[in-house]
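*Asks:* Line order of the protein sequences matches chains A and B. According to full-length UniProt numbering, the first sequence is numbered sequentially starting from 1. According to full-length UniProt numbering, the second sequence is numbered sequentially starting from 1.
Calculated directly from the structure, the hints in this document are not laboratory data. Careful, some of the hints might be misleading.
Pairs count within a copy or across copies, as identical chains cannot be separated in the list.
Stated by the list, open to error - In silico lysine to any residue, SDA-like type, Cα no more than 25 Å apart, as pairs: (1) 143 with 14; (2) 143 with 191; (3) 143 with 124; (4) 143 with 12; (5) 143 with 154; (6) 143 with 13; (7) 143 with 196; (8) 143 with 199; (9) 143 with 72; (10) 143 with 23.
2 protein chains.
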Amino acid sequence: MTSSDIVWQYSSITRAQREQLNNHRSAVVWFTGLSGSGKSSVARAVEARLFQQACRSFVLDGDNVRHGLCSDLGFAPAERSENIRRAAEAARLFSEAGMIVLAAFISPFRADRERARALLPAGDFLEVYCRCSVAACEERDVKGLYRRARAGEIADFTGISSPYEEPTRAELVLDTCSIGVEEAARRVLDLLREHGVIAARHWPL
Amino acid sequence: MTSSDIVWQYSSITRAQREQLNNHRSAVVWFTGLSGSGKSSVARAVEARLFQQACRSFVLDGDNVRHGLCSDLGFAPAERSENIRRAAEAARLFSEAGMIVLAAFISPFRADRERARALLPAGDFLEVYCRCSVAACEERDVKGLYRRARAGEIADFTGISSPYEEPTRAELVLDTCSIGVEEAARRVLDLLREHGVIAARHWPL
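Work out the full structure: start from the sequences and follow the hints.
*Replies:* Shown next, in the form of structure tokens:
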């Protein structure tokens, strides 16, 4: 062996080292639910609260994934699966980078969510079901998508013309029809505490 | 408007806020060059030095992208382009999350690299060309890939059976045939200082 063999050695920072620097564990919180059920709103509320405590987190959702990483994909079942596969792989990279990932995707198929879970070490994937009826989401219809789906302008719309498979073993169920975003965010933070992602002292409230 | 309209409002943390928390800017350093030219080695050496100074950085390279985010892709020209497109989109997400991204990809096609550059605000994409001759990379052949390419066991191998288009406006050229990884990493850190990504005081050495 010569000195140049050493010079070109592979070196890297481990996830554990990053977690130590950040003063919290990394994890993936996976929000699933119908369009309009509040996934992104809750995720962003959690993000804001984590940031206040100097925790590193990042929201991955349709807004920043569908227009970039998955801009080549549509909404047919196979494309939805591939969308979720890539989102889950991106979430894994962010968690390796030491961050608390807040992934908010309709992710209607149980098999896709289970595949996402399987990418991560046990206990690092926390599924949060934003449970809200189609009727309630449709009545709210913040983005006007349900109206367009009913009018036949959007094909493969979850809850209308494409199925949603409810979680059977979510770590947390939020009834987002009846609770507000503040309360929902508080429960997610409790979940992060329970799983040792953030320390109890982060949240004396 | 009712209180529930407010409750479900969209809120988020800006990149600038994250940069302030991290005490450095985010950016994408894009290492390009032949297989075996030292891209990942230099990237990891930079990552280690940034970590020592509590800077948040992350290496994106073939090791963590080809086996995950792009596991469905091969090495034909169109697949290489799609691989780089997704890597660049992932890099953009990490930079939005406030991190210094160290992206190490052969990325042989100029158009793909320019597309990656165009994803980011001006000044946030720093192209680093790891310049090393095919002969030198082949002689080193750390992974035994050149031998297999010459034997016809690997198709579309950059420098052998697939072209490499040299950068024409890289922010930095590293002659990785002749300089060691320590020196290369030092020059990348200088580049980050020059572009105001990290503060001068981070690097009094």
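*Asks:* Should residue 143 paired with residue 154 be assigned to within, between, both, or neither, using CA atoms and 25 Å as the limit?
*Replies:* This pair counts as within: shortest intra-copy Cα distance 13 Å, inter-copy 49 Å.
*Asks:* Checking residue 143 and residue 124: alpha-carbon separation at most 25 Å within a copy, between copies, both or neither?
*Replies:* neither (32 Å within a copy, 33 Å between copies)
*Asks:* For residue 143 vs residue 191, is the C-alpha pair at or below 25 Å within one copy, between two copies, both, or neither?
*Replies:* Answer is neither; intra-copy 29 Å and inter-copy 44 Å both fail.
*Asks:* For the identical chains here, do residue 143 and residue 14 meet the 25 Å Cα criterion within one copy, between copies, both, or neither?
*Replies:* Between copies only: 23 Å across chains, 41 Å inside a chain, cut-off 25 Å.
*Asks:* My question is about residue 143 and residue 196: at a cut-off of 25 Å on alpha-carbon distance, are they close within one copy, between copies, both, or neither?
*Replies:* neither (36 Å within a copy, 40 Å between copies)
*Asks:* As a check of your reading, is residue 143 near residue 23 (CA-CA no more than 25 Å) within one copy, between copies, both or neither?
*Replies:* Neither: 38 Å inside a chain and 37 Å across chains, both beyond 25 Å.
*Asks:* If the cutoff is 25 Å on CA atoms, where do residue 143 and residue 199 land: within, between, both or neither? Let me know, please.
*Replies:* Answer is neither; intra-copy 36 Å and inter-copy 43 Å both fail.
*Asks:* Evaluate residue 143 and residue 72 at a C-alpha cut-off of 25 Å and name the case that applies: within, between, both or neither.
*Replies:* Result: close within a single copy only, 22 Å intra versus 33 Å inter.
*Asks:* With identical chains treated as interchangeable, where does the CA-CA distance between residue 143 and residue 13 reach 25 Å or less: within a copy, between copies, both, or neither?
*Replies:* between (42 Å within a copy, 22 Å between copies)
*Asks:* When Cα atoms must be at most 25 Å apart, do residue 143 and residue 12 count as within-copy, between-copy, both, or neither?
*Replies:* between (44 Å within a copy, 18 Å between copies)
In summary, the structure is inconsistent with hints 2, 3, 7, 8 and 10 from the numbered list given earlier, while agreeing with the others.
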